[in-house]
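*Asks:* Make the full structure from the sequences, and use the hints.
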Amino acid sequence: MSKLRRSSYTFSLLALAAGNALAQGAGDPEERGTALREISVIGSHIRRVDMETQHPVLVIEREEMLRTGLTAIADILQTINAGGQSLNRNVNNGGTGEQRLNLRSLGDSRTLILVDGHRFVSALDGGVDLSSIPLAIVERVEVLKDGASAIYGSDAIAGVVNIVTRRDYRGGEASLYYGENSHGDGRRRAYDATWGDTGDGWSVAAGVGYSDDDPIFARDRDISRVPFYRLPVEYTGSSITTNPNVMRESTFYNERLRRGRDGTSPDDFLRGAPFDRYNYALRNYLQTPQERRSIFAQGRYEITPDLALSAKVFRNERRSAQQLAEPTVSFSPFSEGPDGELSISPDNVYNPFDEPVIGVTRRFAEAGPRRFEQKSATTRAHVGVDGLARIGSREFTWGVDYTATRTTQRATGTPYADNSKMALALGPSFFDASGVARCGTPDAPIAGCVPLNLFGPLGSLTPEMLDYVVASVTNRKRSESKDFAAHAEGVAFDLPAGGLGVAIGYEHRKEDGYDHPDELIASGNANGTGSTYRPTSGSYSVDEAWLELNVPLLGDAAFARQLEVSLASRYSDYSAFGGTTNSQAGLRWKPVDDVLVRSNIAQGFRAPSVLDLYAGASTQVAFVYDPCAAENDPSSSTLARCAALGVPVDVAQPEGIASTVGGNRELQPERALSRSLGLVWSPSWIDGLTANVDWFRVQIRDAISSRSEQAVVDDCYQRGDTGACARVRRNPDGTIAHVLATQQNVPGGLETEGFDFGLNYRLATRVGDFSASWDNTYVSYAGELHQPRRGSLLPDGSPAQGNVVGDYSNPNGFYGIVWRIRSTLNLHWQRDAWDATIGARYFSATDEACSGGETAAALSGDDSYLDVCSNPTRMADLDGSGVLQPAPQNRVPSVTYIDLEAGWVAPWKGRFAFGMRNAFDRDPPVSYAAFANSFFSDYEVPGRFWYASYRQAF
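All letters in the sequence shown, in the order written, are residues -23 to -1, 1 to 931 by mature numbering (1 follows the signal peptide of the UniProt record, and there is no 0).
Mixed in with the good hints there might be a few duds.
FRET-style restraints, in silico, Cβ to Cβ [stated by the list, open to error]:
{"#": "1", "residue 1": "Trp881", "residue 2": "Val528", "range": "44 to 52 Å"}
{"#": "2", "residue 1": "Met852", "residue 2": "Thr385", "range": "51 to 59 Å"}
{"#": "3", "residue 1": "Asp363", "residue 2": "Asp664", "range": "36 to 44 Å"}
{"#": "4", "residue 1": "Pro419", "residue 2": "Asp331", "range": "13 to 21 Å"}
{"#": "5", "residue 1": "Glu279", "residue 2": "Thr385", "range": "29 to 37 Å"}
{"#": "6", "residue 1": "Gly633", "residue 2": "Glu332", "range": "21 to 29 Å"}
{"#": "7", "residue 1": "Thr385", "residue 2": "Pro884", "range": "40 to 48 Å"}
{"#": "8", "residue 1": "Asp331", "residue 2": "Ala714", "range": "36 to 44 Å"}
{"#": "9", "residue 1": "Gly178", "residue 2": "Tyr483", "range": "26 to 34 Å"}
{"#": "10", "residue 1": "Ala288", "residue 2": "Glu318", "range": "34 to 42 Å"}
{"#": "11", "residue 1": "Val528", "residue 2": "Ala864", "range": "34 to 42 Å"}
The calculated lysine to aspartate or glutamate pairs, modelled on EDC-like cross-linking and capped at a C-alpha distance of 16 Å, are [stated by the list, open to error]:
{"#": "12", "residue 1": "Lys886", "residue 2": "Asp812"}
{"#": "13", "residue 1": "Lys487", "residue 2": "Glu632"}
{"#": "14", "residue 1": "Lys459", "residue 2": "Asp489"}
{"#": "15", "residue 1": "Lys487", "residue 2": "Asp444"}
No lab work stands behind these hints: they were computed from the structure.
No residue lacks a Cβ here, since even glycine has one placed at the ideal position from N, Cα and C.
*Replies:* Structure representation (structure tokens):
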């Protein structure tokens, strides 16, 4: 865990000094002055010497990042206590190789990522892939844990992360890194080299980086080699095995291939035949592999003392992969899209029945595991001109910048069964004169087609069959951002307590991108994928103007050593939805020199993403209960709404309806309100001590999401939402024909509240210099807007889930677990050439549903399987009705990880380091509700991870 230091700790965290400690030794110390200067602090465009603002800020320096033993900026940022569950390398099923940051558990698209103060390109859904930013270029990271849309625009709801790249670097540096898990897997290798030089009015720097992370397989850890730890596979594994289930046209029920039979006779199949479960965990990755390459260059040239030109460019390439259990082939009359059109002809040579087979489910184990690979490349170029302008006796800094960033991705997946080829392979077939099975009829054979045997056990699918029906797919994505910005800031005039700081700016940005799935996927002909992944492409532009003021009210007065107010407002005009204005006000008060009180209230917004607006629309089959149908016992108010909308009183419920899912070009932005209040204490009588506590609350309205078809119908007829009624179309007989279930601004909202608090201390002694950093986040509430109790009715008429902090039973709009407490403690010692670091990372306990135990108990009829959970007999009011129902629950205990590192700086400007993450080999706490692997992806993979590194300065 990196040592996260408060911005209040010291100005030197943000001083523009050259390189790191080793690189500094390579240059002339006289040229690296650390005199205080005015700088821009994250959360404000106004430059100032005192970096204390009204915002709580964390800063992670490069040296601290290197001491974590991590080699990716994403891994480092995901250790921040204010973060929730995030997409990382431990996410295999559903992973894409991307790594994201989810501040305040509000979703990664509500955290703004900046590079050198400029917005970084996002994916089509609005989230940012942090693996696109190479660690080799990073000098420090600034984390603003507050809303800041008035300063930065869209997405700055949960917080802002500014990744500051290396500059003013003098000398050279090369580093080597190797690490692996104590189980002998998960190896990690990293290499990088950086060179830079400075002169009279100029500086240049360039570097390269490479890292390669090996996978860890789920089968190689006890906790993950079965679907649910300590539960038998025969009750928790997949029901889809290599023994097929078939459905004949005449019976319309499932019959399973009996054990030991070959599927060549109708007697080989029996309804209710015993079956095994399939252990899908054996093929899965527990930790996914990733390889990254990067190159960067930057330069700055002072044309005159008051005018400078700068340019920066970097490129990062990533290769990543996921692996899952072998694919399944499934079709029936109830399947969506082309899957529902498949059947096996009675004239197929492998069909043992004298009738069509209209449904089959079988695992294609012979085809090998499913594998998904991504090749992603991000290129970013920035050019800027900045200078100093004088108006009378006033000096104003100004700058004009242009930034272009593009990310492209080529994603492949295999194996997929091609429905169009399966239709031929499952159709009529015959044996030719040489006894070889052929598709078609003797009079009309189908060239190249190989009949497919879906009736046999493992081994009945031959390589020739698989070569014909199995295909690979390739999906292509691109996201691009082009940004032009101009700004100026300075002191407009003097007030009695100090200068009135002002900053103004203009920004024009264009975002565009596309997601082009393989035609096999887009058409729905990849078996089992349905037809909801359609091509997406679109763009939007925005023009923004902003104003920021810093007004000193009092100074050097009784109980007001400093008192100032910060005001900011930003107008944003989007081509997609129009204009929005967002403002904020902050207070900074130092009643005495040792105490700072800070507060901020900010409006925020998130503009709909390209995917929200333009996701390709597709039609699918959905099953809903009609609230107007008598069989569903409608209330009198529901019946009145149905009658007012012309629904017949005798309407019957349809078995299935059509629905459309996809983007919505009529979306409006999400709205947010963030509030914070904090105290920083730096006692003058304890040199080196700083303590802080900050309260926060974030409320979000008009969240952009999709609503299920049932929710849309209920919103209309049960709750009287006229907007929802416009999304429901009925047939002339009154039955529901179609529901529009595209993205929308959903009613209600989300809210989270809590505290950040910490302590930092430095002490110089004869035996060395010591520092301690303790950082914590406590979340008191996460759930629906206005903190309703569980079961109370929300504005849309649905029951509230209540506070979900520490309760994974009902995540309800928040992404994953919301831990009540996350904490880090870091102790560092340095004496001469030696240093050592001890870090502790703490996750509080959480409650969850006993999903795995309930599954095993239900299938086996043995309730003792519930005993794997901590509270198997729990009763709870699940829906707010006041009626207690069985609700077995499991307590996922808290866990603390200890990390160690020791280092030595050699006389030849080299540094050796050896460290260990999870040094005490703490296993992750077992979960029976986690998506995979029996533990949550934010915990450490079982085993110690040791590493060694060497850095050489030149």
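*Asks:* Does each hint fit the structure? Answer for all of them.
*Replies:* Now for the hints, and whether the structure bears them out:
1. Trp881 with Val528: 44 to 52 Å: Holds, since tryptophan 881 and valine 528 (Cβ atoms, about 51 Å apart) stay within the stated range.
2. Met852 with Thr385: 51 to 59 Å: The hint (51 to 59 Å, Cβ to Cβ) holds, given that methionine 852 and threonine 385 are roughly 53 Å apart.
3. Asp363 with Asp664: 36 to 44 Å: holds (37 Å)
4. Pro419 with Asp331: 13 to 21 Å: holds (20 Å)
5. Glu279 with Thr385: 29 to 37 Å: Holds: the Cβ-Cβ distance is about 35 Å, inside 29 to 37 Å.
6. Gly633 with Glu332: 21 to 29 Å: Holds, since glycine 633 and glutamate 332 (Cβ atoms, about 24 Å apart) stay within the stated range.
7. Thr385 with Pro884: 40 to 48 Å: Holds: the Cβ-Cβ distance is about 46 Å, inside 40 to 48 Å.
8. Asp331 with Ala714: 36 to 44 Å: holds (38 Å)
9. Gly178 with Tyr483: 26 to 34 Å: Once the Cβ atoms are compared, 28 Å apart, the range 26 to 34 Å for tyrosine 483 and glycine 178 holds.
10. Ala288 with Glu318: 34 to 42 Å: Distance hint for alanine 288, glutamate 318 is violated at roughly 57 Å.
11. Val528 with Ala864: 34 to 42 Å: For valine 528 and alanine 864 the Cβ distance comes to about 54 Å; the hint is violated.
12. Lys886 with Asp812: Cα-Cα ~15 Å, so holds.
13. Lys487 with Glu632: Cα-Cα ~45 Å, so violated.
14. Lys459 with Asp489: holds (9 Å)
15. Lys487 with Asp444: violated (45 Å)
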